[in-house]
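Enquirer: As a plain string of letters, each chain reads:
There are 2 protein chains.
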Amino acid sequence: MSRVFNFSAGPAVLPEPVLRQAADEMLDWQGTGMSVMEMSHRGKEFISIHAEAEANFRELMDIPSSYKVLFMQGGAIGENAIVPMNLIGRTGRADYVLTGDWSKKSAKEAATYGQVHVAATAAASKFTAVPSQSEWKLDPGAAYVHICSNETIGGVQFHWTPDTGSVPLVADMSSDILSRRIDVRKYGLIYAGAQKNMGPSGLTMVIVREDLLGHALAITPSAFNYQLQAEADSMYNTPPTYAIYVAGLVFRHVKKMGGLAAMEAHNLAKANVLYDFLETSSFYRNPIAKEDRSLMNVPFWLNDESHNDAFLKGAEQRGMLQLKGHRSVGGMRASIYNAMPIEGVQALVQYMKEFESRHG
Amino acid sequence: MSRVFNFSAGPAVLPEPVLRQAADEMLDWQGTGMSVMEMSHRGKEFISIHAEAEANFRELMDIPSSYKVLFMQGGAIGENAIVPMNLIGRTGRADYVLTGDWSKKSAKEAATYGQVHVAATAAASKFTAVPSQSEWKLDPGAAYVHICSNETIGGVQFHWTPDTGSVPLVADMSSDILSRRIDVRKYGLIYAGAQKNMGPSGLTMVIVREDLLGHALAITPSAFNYQLQAEADSMYNTPPTYAIYVAGLVFRHVKKMGGLAAMEAHNLAKANVLYDFLETSSFYRNPIAKEDRSLMNVPFWLNDESHNDAFLKGAEQRGMLQLKGHRSVGGMRASIYNAMPIEGVQALVQYMKEFESRHG
Chain A
1 MSRVFNFSAG PAVLPEPVLR QAADEMLDWQ GTGMSVMEMS HRGKEFISIH
51 AEAEANFREL MDIPSSYKVL FMQGGAIGEN AIVPMNLIGR TGRADYVLTG
101 DWSKKSAKEA ATYGQVHVAA TAAASKFTAV PSQSEWKLDP GAAYVHICSN
151 ETIGGVQFHW TPDTGSVPLV ADMSSDILSR RIDVRKYGLI YAGAQKNMGP
201 SGLTMVIVRE DLLGHALAIT PSAFNYQLQA EADSMYNTPP TYAIYVAGLV
251 FRHVKKMGGL AAMEAHNLAK ANVLYDFLET SSFYRNPIAK EDRSLMNVPF
301 WLNDESHNDA FLKGAEQRGM LQLKGHRSVG GMRASIYNAM PIEGVQALVQ
351 YMKEFESRHG
Chain B
1 MSRVFNFSAG PAVLPEPVLR QAADEMLDWQ GTGMSVMEMS HRGKEFISIH
51 AEAEANFREL MDIPSSYKVL FMQGGAIGEN AIVPMNLIGR TGRADYVLTG
101 DWSKKSAKEA ATYGQVHVAA TAAASKFTAV PSQSEWKLDP GAAYVHICSN
151 ETIGGVQFHW TPDTGSVPLV ADMSSDILSR RIDVRKYGLI YAGAQKNMGP
201 SGLTMVIVRE DLLGHALAIT PSAFNYQLQA EADSMYNTPP TYAIYVAGLV
251 FRHVKKMGGL AAMEAHNLAK ANVLYDFLET SSFYRNPIAK EDRSLMNVPF
301 WLNDESHNDA FLKGAEQRGM LQLKGHRSVG GMRASIYNAM PIEGVQALVQ
351 YMKEFESRHG
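Chains as they are written, first to last, in full-length UniProt numbering: chain A, 1 to 360; chain B, 1 to 360.
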């Protein structure tokens with residue numbers, strides 16, 4: 001089969017040139033006679049791969065030198081515990097803003113490690129909108145304020161940066177990192193699983209302001225202690241070397257494509273194709289407030305759900321895969337990360353129109 | 001450059017047919033039009049990869065159905081905390097046997113989560129021998145007894161299985177798993193980072209007897225809670241999918257090569273080539289007690305260390321890489337895992353003889 005349009009929410013589509021290079025170099029990385037998978041993480045070859053990946057990531061995200069970049073393991077669900085273990089100890093309590101399933105999960109896990117206060121929740125809108133900051137009740141004594149910048153299941157995204165004053169803002173950016181420009185200086189800590197816009201699952205990127213290090217609870221495992229990892233250049237334990245290599249190829253590719261400004265324009269154009277169509281349709285619906293719609297994950301429902309199986313089957317026959325919605329909410333979901341070309345979204349909308357005209 | 005003889009202690013050499021297949025399938029796994037890296041972990045394609053990997057691993061290791069197999073993240077250093085978090089709560093204390101740097105590190109980390117008792121230590125022999133069980137002082141009230149079956153740095157290996165009665169035996173088998181037959185029934189829990197005999201770094205295999213589940217301390221992160229992972233088929237969080245795929249290819253390859261009995265014979269033959277030579281040489285030395293010598297990691301020292309750089313340079317020119325000893329002990333180290341062919345060890349010994357005759 002030729003390559004398909006892969007709408008998976010993660011692990012997700014990667015740029016084809018990245019996969020081609022990884023395949024080409026699999027048995028012999030740049031004349032070393034070794035696969036990257038076979039290299040000691042402390043050898044000069046892998047150290048150069050790691051250093052280039054970090055440098056390109058810093059350049060893409062414009063990360064100031066007062067922030068550490070860590071390559072870790074455990075994904076965002078791991079970070080749900082690792083963040084409070086490392087940060088909550090400063091004051092013993094933290095604010096969480098709930099905009100969907102992922103931020104709710106984060107808040108629940110954090111309560112094991114300190115006092116969690118819900119500063120705002122989108123419950124009233126049934127998690128179809130980001131609560132406006134005027135409604136937030138922030139605790140000035142919180143160790144941090146946690147948000148999820150893009151809710152992968154609900155399809156709700158922050159299109160503005162909260163102002164949390166002197167309290168550090170912490171963001172789970174798993175599903176929108178590298179998809180648009182952001183001002184890292186407005187955050188104390190950003191974390192993201194790699195498996196949407198960066199590379200294979202099993203790698204977690206953490207960007208942390210240096211002054212937040214050094215407050216880990218005593219029960220923090222050494223492998224997940226930000227300070228120990230920062231001091232060891234993310235090699236306190238053996239890092240996920242091959243995943244770092246692939247992420248490094250992705251970073252290089254994104255730079256070549258024009259960086260995050262170009263990604264942002266590309267992602268906005270793609271999302272508009274889909275949302276513009278959804279707005280005109282009475283066969284499909286997306287309930288998210290217009291100003292909070294995600295540019296990465298577009299959940300939609302057929303008004304008549306008895307057509308769901310036929311819709312998915314027809315999509316698959318046309319080479320459009322993994323459109324089934326998250327098992328907790330049903331319906332459909334088109335995840336349209338950086339590596340999804342606009343042609344994929346156009347093909348999807350074309351198919352949706354055809355399906356509507358046949359079944360509507 | 002053609003493929004080299006790679007003596008890295010880990011990440012380490014992998015079987016060439018595995019790398020070839022991974023390269024061939026990189027852009028299109030079995031006609032799906034997707035890379036394994038791009039597949040949802042909940043899709044039927046990845047679920048089949050995961051299931052086959054687990055089935056082959058169970059068959060190779062002869063794992064009874066009363067044990068769970070978990071695919072986790074964080075490596076053995078992560079497990080240094082994750083094991084006590086999950087197991088020590090049953091009685092609040094655990095026995096550790098110290099045979100080198102790795103078991104010392106495990107004991108140190110565990111002390112954060114409960115009372116750690118050193119049941120035996122190889123300190124008297126300067127960690128060149130496994131203390132005989134007659135010297136062990138086991139605590140019948142321990143939640144478990146922890147050993148490291150093979151010390152990657154020191155080159156000391158257990159060639160017998162301790163009898164810990166009704167107290168579960170826990171083993172860090174990171175550097176010798178799949179290298180020989182073992183009786184899983186004699187263990188309560190086995191863990192191993194994948195990056196020596198199984199695949200890329202970033203994957204940790206855990207084999208745990210079911211009755212040991214359910215005792216996790218309250219502060220255990222959900223992503224690292226064995227019971228939650230067991231209930232979720234290792235998908236409580238997104239698993240390191242590509243690393244699982246490669247490990248699955250390795251498992252299939254090891255089966256094809258004749259399984260663990262064949263690996264054991266192959267590894268014994270390889271190690272003998274090197275140890276037999278070391279015994280006859282007065283130019284090189286290996287201080288480990290003969291009956292406790294590792295079949296996986298062979299540290300050796302030049303009696304005149306001023307030749308170290310020349311030795312490594314000459315080896316590299318002959319395509320023998322990553323022979324430098326661990327930074328904490330210096331000297332040389334030949335790691336000769338499953339995927340190292342006997343030709344590699346023969347070439348190394350040939351070179352060692354030549355070097356000795358030039359400089360001895």
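Since the hints were derived computationally from the structure, they do not count as laboratory data.
Wrong hints could be hidden among the right ones.
One copy or any two copies: either way a pair holds, since identical chains are not told apart in the list.
Unchecked claim - Below 27 Å or equal to it, Euclidean Cα-Cα: the simulated BS3-like pairs (lysine-lysine) are: (1) Lys-44 / Lys-313; (2) Lys-44 / Lys-105; (3) Lys-256 / Lys-105; (4) Lys-137 / Lys-313; (5) Lys-105 / Lys-353; (6) Lys-186 / Lys-353; (7) Lys-256 / Lys-126; (8) Lys-256 / Lys-44; (9) Lys-256 / Lys-290; (10) Lys-126 / Lys-255.
Enquirer: Hint by hint, say whether it matches the structure.
Expert: Consistency of the hints with the structure:
{"no.": "1", "hint": "Lys-44 / Lys-313", "result": "between (49 Å within a copy, 14 Å between copies)"}
{"no.": "2", "hint": "Lys-44 / Lys-105", "result": "between (40 Å within a copy, 26 Å between copies)"}
{"no.": "3", "hint": "Lys-256 / Lys-105", "result": "neither (36 Å within a copy, 43 Å between copies)"}
{"no.": "4", "hint": "Lys-137 / Lys-313", "result": "neither (46 Å within a copy, 64 Å between copies)"}
{"no.": "5", "hint": "Lys-105 / Lys-353", "result": "neither (36 Å within a copy, 61 Å between copies)"}
{"no.": "6", "hint": "Lys-186 / Lys-353", "result": "neither (42 Å within a copy, 62 Å between copies)"}
{"no.": "7", "hint": "Lys-256 / Lys-126", "result": "neither (40 Å within a copy, 54 Å between copies)"}
{"no.": "8", "hint": "Lys-256 / Lys-44", "result": "within (25 Å within a copy, 34 Å between copies)"}
{"no.": "9", "hint": "Lys-256 / Lys-290", "result": "neither (32 Å within a copy, 56 Å between copies)"}
{"no.": "10", "hint": "Lys-126 / Lys-255", "result": "neither (38 Å within a copy, 52 Å between copies)"}
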